[in-house]
Structures are given as structure tokens and as C-alpha cells.
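There are 2 protein chains.
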Amino acid sequence: MVAPSELEHAMEKMMLTFHKFAGEKNYMNREDLQKLLESEFSEFLKNQNDPLTVDKIMKDLDDCRDGRVTFHSYFSLIAGLLCACDDYYVKHMKP
Amino acid sequence: MVAPSELEHAMEKMMLTFHKFAGEKNYMNREDLQKLLESEFSEFLKNQNDPLTVDKIMKDLDDCRDGRVTFHSYFSLIAGLLCACDDYYVKHMKP
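Here the protein sequences line up with chains A and B, keeping their order. Per my numbering, residue 34 is the first one in the first sequence, and the count goes up by one each step. Per my numbering, residue 34 is the first one in the second sequence, and the count goes up by one each step.
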């Protein structure tokens, strides 16, 4: 068995983080999402300076309006944040 | 400055891996993609048992047909692989 690459390791971390907050369920409810955001994106959350940030993100991710954030929806959150980071990186940091 | 969370660190790794193979360009060409796949997904590549795997992935990701894989396209590759991993994890490994 070959050791996972750094990218595979990062992908595994991303997947397991979802399941850490989803618990036995295969989705996150609003409370789970809040805990994930506070734990993993605390600076991002603080910088929004908006007490409704979690609710706004929940509304974005809860596309079936059933109070559930699936892995696919969670991944679209990651995609949105990461594409914003990449734009910033390319403009201001890339050598 | 707060230390990045594990998830933020994983996201950074994902972004920097793209730029490592894209080099000064903000896209990967076929050769860059092949190097990334061989370096970061060597087991996945071997398991496909198909010499055309790189070309098939390139065709999937090169949505503008300009021989370029953008960060967004690269991210859709990661999304596809990770959603497949998640399906497997939920069915066979989740406690």
C-alpha cells in the first residue's frame, strides 16, 4: 500500500471534517454547521462582522430547504471559499 | 494572527498544489496535469489500467478546448474524486 500523497491527505482531511461535525448522520444541521464554522473558519466568521452569517450560509447550502447540509453542499462552500482565496493569491501573493 | 485550522491548512495545500504544477502560468497544460496526476494520484492512475486516462481527464477538464486546465476545472476534478471517496466511505467505513 502506497502512502497517500499530500493532496490525498488534504482531501481526506476535508472529508473527515464533514463527518466529524455530521456525526452519525450523513448531513449537517444548522447547529453542526455553526460548530464547524466556529471551529474551522473562526477568523472568516469574525471578519464578516455579521451575526447572521451562519444563517446566510445555511440558507445558501440548504438547497432542498430541509434543514440539511449534504456533503455535496458542504463541498460547494469549500469551493466558494477556496476560489476566493485563489483569486487573492494570484493577484497579491503568487511569485 | 490565529494559526490556520486543519481544514484551512488542507484547503491551502489543495490550492498550492495546483500552482506548483501550473508554475508561473495560471493554468495547467496536459503535461502539467500528467505530472500532477502521477505525483499526487499515482495509485488512482495505476488502478485505471488505461494509458488514455490522462487524455480522458484532460478532455473532461479542458472545457474551453484551449488546452488549459484552470483552477476551477482542477477543483472540479478534486470534487469528483472526493465525492466518490465519500460515497465509498459512507457505505463501507463510517462507524
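Just to be clear, a hint being listed does not mean it is correct.
Identical copies carry no separate label here, and so any pair may be met within one copy or between two of them.
Below, simulated DSS-like cross-link-like pairs (lysine-lysine); rule was C-alpha separation at most 27 Å, straight line [said to hold, decoys possible]:
#, residue 1, residue 2
1, 79, 46
2, 58, 68
3, 53, 92
4, 127, 53
5, 127, 89
6, 124, 68
7, 46, 127
8, 79, 124
9, 58, 89
10, 124, 58
11, 68, 127
12, 127, 58
13, 46, 68
14, 53, 124
If you're looking for bench data, these hints aren't it; they were derived computationally from the structure. Treat the numbers as computed from the prediction; the structure is a model and nothing was measured.
We went through each hint and held it up to the structure:
1. Taking identical chains as interchangeable, the C-alpha atoms of residue 79 and residue 46 lie at most 27 Å apart whether they share a chain (23 Å) or sit on different chains (23 Å).
2. Taking the shortest alpha-carbon separations for residue 58 and residue 68, only the intra-copy value of 15 Å comes in at or below 27 Å, while the best inter-copy value is 38 Å.
3. In this homomeric assembly, residue 53 and residue 92 come within 27 Å of each other (Cα to Cα) only inside a single copy, at 21 Å, whereas the closest approach across copies is 35 Å.
4. In this assembly of identical chains, the alpha carbons of residue 127 and residue 53 lie at most 27 Å apart only when taken from different copies (11 Å versus 33 Å within one copy).
5. For a Cα distance limit of 27 Å, the shortest separation of residue 127 from residue 89 qualifies neither inside one copy, at 31 Å, nor across copies, at 30 Å.
6. Only between protomers do residue 124 and residue 68 lie at most 27 Å apart by alpha-carbon distance; the minimum there is 25 Å, versus 31 Å within a single protomer.
7. Taking the closest pair of Cα atoms, residue 46 and residue 127 come within 27 Å of each other both inside a single copy (25 Å) and across two copies (14 Å).
8. For the identical chains of this complex, residue 79 and residue 124 are intra-copy neighbours only, at 24 Å inside a copy versus 36 Å across copies, given an alpha-carbon limit of 27 Å.
9. For the homomeric pair residue 58 and residue 89, the shortest alpha-carbon distance inside one copy (22 Å) is at most 27 Å, but the shortest distance between copies (35 Å) is not.
10. In this homomeric assembly, residue 124 and residue 58 come within 27 Å of each other (Cα to Cα) only across copies, at 13 Å, whereas the closest approach inside a single copy is 40 Å.
11. With identical chains, the CA atoms of residue 68 and residue 127 are at most 27 Å apart between copies only, with a shortest distance of 20 Å across copies and 32 Å within one.
12. In this assembly of identical chains, the alpha carbons of residue 127 and residue 58 lie at most 27 Å apart only when taken from different copies (10 Å versus 40 Å within one copy).
13. In this homomeric assembly, residue 46 and residue 68 come within 27 Å of each other (Cα to Cα) both inside a single copy, at 17 Å, and across copies, at 23 Å.
14. In this assembly of identical chains, residue 53 and residue 124 lie within 27 Å of each other by CA distance solely across copies; the values are 16 Å between and 34 Å within a copy.
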